[in-house]
Amino acid sequence: NVRVRYAPSPTGMLHVGGVRTALFNWLFARKNGGTFVLRIEDTDLERSTEESVEQLKRSLRWIGLEWDEGPEVGGPHAPYRQTERLGLYREAAQKLLESGAAYRDFSTQEEVAAFRERARAEGRPPVYRGGPYRKMNPEEAKGRADAGEPHTVRMKTPAEGRTAFEDMIRGEVSFENANIEDFVIMKSSGTPTYNFAAAVDDAEMEITHVIRGDDHISNTPRQILVYNALGHPLPRFAHVPQVLGPDKKKLSKRHGAASVEEFAAQGILPEALFNYLALLGAGYAADEEIFTPEELASRFRIEKVSGNPAVFDEKKLLAINAAYIRKKSPEELAMMAAPILAGSGVATPEELERDMPRLTQIMALLRERLQRTTDISDATGYFYGGTLDYDEAEFQKQFGKDFVRENLPELYSRLKDLPEWTEEAIEETVRGLAAEREKGARHLIHPLRFATTGRTVSAGLFETMALLGRERCLERIGDVLEKMGSRGDL
RNA sequence: GGCCCCAUCGUCUAGCGGCCAAGGACAUCGCCCUCUCACGGCGAAAACCCGGGUUCGAAUCCCGGUGGGGUCACCA
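If you want our numbering, it's the 1-based position in the first sequence plus 1352.
If you're looking for bench data, these hints aren't it; they were derived computationally from the structure.
Misleading hints may appear alongside valid ones.
Below 25 Å or equal to it, Euclidean Cα-Cα: the simulated DSS-like pairs (lysine-lysine) are [said to hold, decoys possible]:
id: 1; residue 1: K1601; residue 2: K1656
id: 2; residue 1: K1487; residue 2: K1508
id: 3; residue 1: K1668; residue 2: K1605
id: 4; residue 1: K1749; residue 2: K1680
id: 5; residue 1: K1656; residue 2: K1753
id: 6; residue 1: K1605; residue 2: K1409
Start from the sequences, fold in the hints, and give me the full structure.
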């Protein structure tokens, strides 16, 4: 029975690197019919915030990573927050103290730092092994502790041999014990350190596969030591590489959007981020790239995950995002667009309510042209409201030509007299006039596009005008004619 | 600096000793479609870090170098 976990510390926003390891855990659980546990590692009282916890949960859910056990949903190993499990760590530490695997250290932080300093200066490895306290009589140490003397609890690390493990994506990784110092497991505040709490929890929660960022690879031997001292069988480990920015440095805010919430705010669809991140460095066959979470899960192979750090490519994310937007139905897009349009003030909620059928048709036209959902308000603005503001230079360019000046009024009146305002009728009118004047239709189409939409690019002109409606089109063309006249161009 | 990890087109990757004068995707550049933009189609350019081995044969295995990353806390 496979049990995996994602164990973030709530000290900031959920980072793409973090979601990716959460994602790999989720994928692995789904693939193997296992359980995905969420555990909050908030033993750093200084930096952990309640807000981060909420944000974390929100982000995880947004992208579609529901946890089977964890905060809010509960489970057989509750609670799932380390600050609520303090008793467990104290108990475990007590056990290690009694078995002699750990000892109390009464030296201060300054003293330990000084030791390391000296060792470094003398060219010895700065590996601290407790000074006099490692060998101190446990009874005496207990007495001092009971008397209230501040101390930490440290692991008694073997000075020789190696600690090795078989990483599921890297193969054997091994460390020399001589380089592993007697690390602290309980701080003088009585709270556990990361390496201890994580190992104790992974053991207690019966985690079978620890899949985490490779920045934890050097912590693994320490945790193995804890497991062993606790007499608990080891889980399997898999260390997934970091996500890097374009400069090959660890991805951070410096590189632009780096947190899930920022991507959401920038018009990225959750399924697109999910898909992109899952693909990033996961070693899927390269034949296709658009997959549902279920497909991703069934094809997921942890041992295929690449061992080298992956550079985050925003362009590719955008390409995938655009593909997901194209896959949405016009109805779905209209539902998404309405609040965006209302929010940006291009149309009132009531107006949009009435207008849903038309909005749906608009989305059908624009679907192929959107990269991010936030492009919607910009791309649809001209479908609402009356007259437009025209760019001066472009106005000159479009309407400065004699042919346009001579024929736009005629075009205006023919459009006005059309018995039916349909795409076909409009096209016939425009092409017809151009043909009569023996000119290519594009000589009329481009200025007309600019007049009716205020821009030089849009979806097909005739369908666009049909959706714009006769009244709005005539108003805008009339407005242009007037502007041309008022400056004596007519 | 010590320890650990990693190394195929710009980026993500396929490749797991011969099928590779290295395939796909994104990006780039052409062409086609076309009322513009997009979509779509076709095509181009673009990589096995270097040096030694092992082998009949290496992108694939081994060693060294170089480069990149991580980590060296009473932070996770």
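For each hint, the structure was consulted:
no.	hint	result
1	K1601 x K1656	23 Å, holds
2	K1487 x K1508	10 Å, holds
3	K1668 x K1605	19 Å, holds
4	K1749 x K1680	37 Å, violated
5	K1656 x K1753	62 Å, violated
6	K1605 x K1409	20 Å, holds
Hints 4, 5, counting from the list given before, are not met by this structure.
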